[in-house]
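Given the coordinates of chain H, work out where chain C should sit on it, guided by the hints.
Chains as they are written, first to last, in this note's numbering: chain H, 1 to 243; chain C, 1 to 278.
Treat each hint with caution, since some may be false.
Claimed, not checked - Listed next, with one range per pair, are the computed distances between beta-carbon atoms:
{"id": "1", "chain 1": "C", "residue 1": "Asp169", "chain 2": "H", "residue 2": "Lys66", "range": "47 to 57 Å"}
{"id": "2", "chain 1": "C", "residue 1": "Glu163", "chain 2": "H", "residue 2": "Lys66", "range": "34 to 44 Å"}
{"id": "3", "chain 1": "C", "residue 1": "Ala204", "chain 2": "H", "residue 2": "Glu159", "range": "51 to 61 Å"}
{"id": "4", "chain 1": "H", "residue 1": "Glu134", "chain 2": "C", "residue 2": "Glu256", "range": "37 to 47 Å"}
{"id": "5", "chain 1": "C", "residue 1": "Glu256", "chain 2": "H", "residue 2": "Gly148", "range": "18 to 28 Å"}
{"id": "6", "chain 1": "H", "residue 1": "Leu74", "chain 2": "C", "residue 2": "Asn96", "range": "39 to 49 Å"}
{"id": "7", "chain 1": "C", "residue 1": "His231", "chain 2": "H", "residue 2": "Glu220", "range": "34 to 44 Å"}
{"id": "8", "chain 1": "H", "residue 1": "Thr187", "chain 2": "C", "residue 2": "Lys258", "range": "45 to 55 Å"}
In short, the hints are calculated from the structure, not lab data. Note that beta-carbon positions come from the ideal geometry of N, C-alpha and C, so glycine has one too.
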Amino acid sequence: MNERHIVSAYDEDLRQLETLVSEMGGLVESQLATALDALVQLDPDTAKDVIQRDKIVDDYETRIDKHTTEMLVLRQPMAQDLRVILVALKLASNLERMGDYAKNISKRTVTLSGTTNVTSAAQSIKSMGDKVLEMIKEVLDAYARRDGELASTVILKDEDVDRMHTNLFREFLEMMTADPQHISLGTHLIFIAKDVERVGDHATNVAEKIHYMLEGSMPEGDRPKDDRSSGILVDAAGGDTQS
Amino acid sequence: MMLERTHVQPLTVNSSRDEPSTDDASVAPKIRASGVNVSYSGRLAINNVNLDIKAKSVTALIGPSGCGKTTFLRCINRMNDLIEGCEVTGNITLDNEDVYGSDVDVVVLRRRIGMVFQKHNPFPKSIYENVAYGPRIHGQATKGDDLNQIVERSLVRAGLWDEVKDRLDAPATGLSGGQQQRLCIARAIAVEPDVILMDEPCSALDPIATARIEELIDDLKTKYTIVIVTHSMQQAARVSQRTAFFHLGELVEENEAKIIFTNPSDERTRAYVTGSIG
Numbered sequence: 001m002n003e004r005h006i007v008s009a010y011d012e013d014l015r016q017l018e019t020l021v022s023e024m025g026g027l028v029e030s031q032l033a034t035a036l037d038a039l040v041q042l043d044p045d046t047a048k049d050v051i052q053r054d055k056i057v058d059d060y061e062t063r064i065d066k067h068t069t070e071m072l073v074l075r076q077p078m079a080q081d082l083r084v085i086l087v088a089l090k091l092a093s094n095l096e097r098m099g100d101y102a103k104n105i106s107k108r109t110v111t112l113s114g115t116t117n118v119t120s121a122a123q124s125i126k127s128m129g130d131k132v133l134e135m136i137k138e139v140l141d142a143y144a145r146r147d148g149e150l151a152s153t154v155i156l157k158d159e160d161v162d163r164m165h166t167n168l169f170r171e172f173l174e175m176m177t178a179d180p181q182h183i184s185l186g187t188h189l190i191f192i193a194k195d196v197e198r199v200g201d202h203a204t205n206v207a208e209k210i211h212y213m214l215e216g217s218m219p220e221g222d223r224p225k226d227d228r229s230s231g232i233l234v235d236a237a238g239g240d241t242q243s
Numbered sequence: 001m002m003l004e005r006t007h008v009q010p011l012t013v014n015s016s017r018d019e020p021s022t023d024d025a026s027v028a029p030k031i032r033a034s035g036v037n038v039s040y041s042g043r044l045a046i047n048n049v050n051l052d053i054k055a056k057s058v059t060a061l062i063g064p065s066g067c068g069k070t071t072f073l074r075c076i077n078r079m080n081d082l083i084e085g086c087e088v089t090g091n092i093t094l095d096n097e098d099v100y101g102s103d104v105d106v107v108v109l110r111r112r113i114g115m116v117f118q119k120h121n122p123f124p125k126s127i128y129e130n131v132a133y134g135p136r137i138h139g140q141a142t143k144g145d146d147l148n149q150i151v152e153r154s155l156v157r158a159g160l161w162d163e164v165k166d167r168l169d170a171p172a173t174g175l176s177g178g179q180q181q182r183l184c185i186a187r188a189i190a191v192e193p194d195v196i197l198m199d200e201p202c203s204a205l206d207p208i209a210t211a212r213i214e215e216l217i218d219d220l221k222t223k224y225t226i227v228i229v230t231h232s233m234q235q236a237a238r239v240s241q242r243t244a245f246f247h248l249g250e251l252v253e254e255n256e257a258k259i260i261f262t263n264p265s266d267e268r269t270r271a272y273v274t275g276s277i278g
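Extracted from the complex, chain H is given alone in its bound form (with noise of 0.2 Å):
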């Protein structure tokens, strides 16, 4: 946009919120791929550098609470502007969830760092994360670029992680029933895949919130949904039925 306020100082107050909102979606994407690596290499170091950041990403999210309480009184914005900054307090909500998912990720990689066979599972895992990791970037894309086309694309790439995420959650019940010796690295990477998935709503969230500072709505129609693992049993024979 090249139009300006009359005041200077409230485009000044905007850049700044979308300047924190940027660089704390920067850091939570870069919160979960280092989460995802960690994983993979079962590196507890690097999982702990993980949980240690965390509370940047919740200093992010106390700033601006703090900036937009402050320009909602300051300022009393309307219209498009009322929307970004409304919304900017909503990312930083979501923002701040995702980054938690990203430590508790980590906690567990802390966790199993001592076991092995982790391998395949994880790697399985960091492909679905991986696909979340694109929705995020794009997503922030998306709101530097007040790119409502490229939010909407995020939005029906959920669907994709759902479907990983069902077929992760099958496979891990199916390796609990095959050898009860591992019920309890199986529950840790349910929670672990979960996890991802979940990151991967907050990313759709955010998607639906850049919409709606552009539009003045939220998406039309339903949020496109692929997650069938809540309908999953896995018997002792190892077969499985979907209800």
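Quick look at chain C alone, frame taken from chain H:
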């Protein structure tokens, strides 16, 4: 005065003031402006304004200085008749009656459409006389008791009664600015109007007095149709159900206030409400 006849859709009108307020868009508007143009000595001030104003609700007119919002407001009760060189064309109806009809008694019209101005302007008389003056000249009360009742009821409705009931004979000019403005509102409602026009009624008041007037506007809308011109977008957002944005003599956009202030359709409206330039 030249008056071009424009086609007005036939309406089922119920002018009873006791009808319940409704959001139903099918309800006939209290005021309908169709193709209204106003010029001052040949210079066009407002151009082809079409606007329906709903009964028993608050409609705010906003826009930059010189956009025509006050000119339009003053067309509704023919205040522009008093300005030399001012020409109004088009059609304005109140309850489907032509406001500019040749048989319209302007004094009666202005009783039905009261006005409150930017600068509180009580008569240099007592508080009581300020409120009693209108009903007396319009013959709405002949007996002293009736007049007393009207004065009390109007001051109660204007939220001023408790503050002045013990000094009704005191000069109105001794009241604070906010009180004087509420007295002007009491004076306007004493003659039982249908519509109250307000031209920046709070621009000379502090925030507390402004809040009292806004509370009063909110209360009065259950009984009267209110049209308010304001320079404060926050005030328009707080008090109006519908908001109309004027720019360079045109009505750019009119919609529910919450839509105008969150997601206006027109770029000019958006730039104005966000305080942006191009």
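Verification of the hints:
At roughly 55 Å, the beta carbons of C/Asp169 and H/Lys66 sit within the given window of 47 to 57 Å. Hint check: C/Glu163 to H/Lys66, Cβ distance near 41 Å, so the stated range 34 to 44 Å holds. For the pair C/Ala204 and H/Glu159, the beta carbons lie near 60 Å from each other, so the given range of 51 to 61 Å is met. Between H/Glu134 and C/Glu256 the C-beta distance comes to about 40 Å, which sits within the given range of 37 to 47 Å.
Distance hint check for C/Glu256 and H/Gly148: the Cβ-Cβ separation is about 24 Å, which falls inside the suggested range of 18 to 28 Å. The hinted range of 39 to 49 Å is satisfied by H/Leu74 and C/Asn96, whose Cβ atoms lie roughly 47 Å apart. Distance hint for C/His231 and H/Glu220: a CB-CB separation of about 37 Å, consistent with the stated range 34 to 44 Å. Taking the beta carbon of each, H/Thr187 and C/Lys258 are about 49 Å apart, inside 45 to 55 Å as hinted.
Comparing the model with each numbered hint stated earlier shows that all of them hold.
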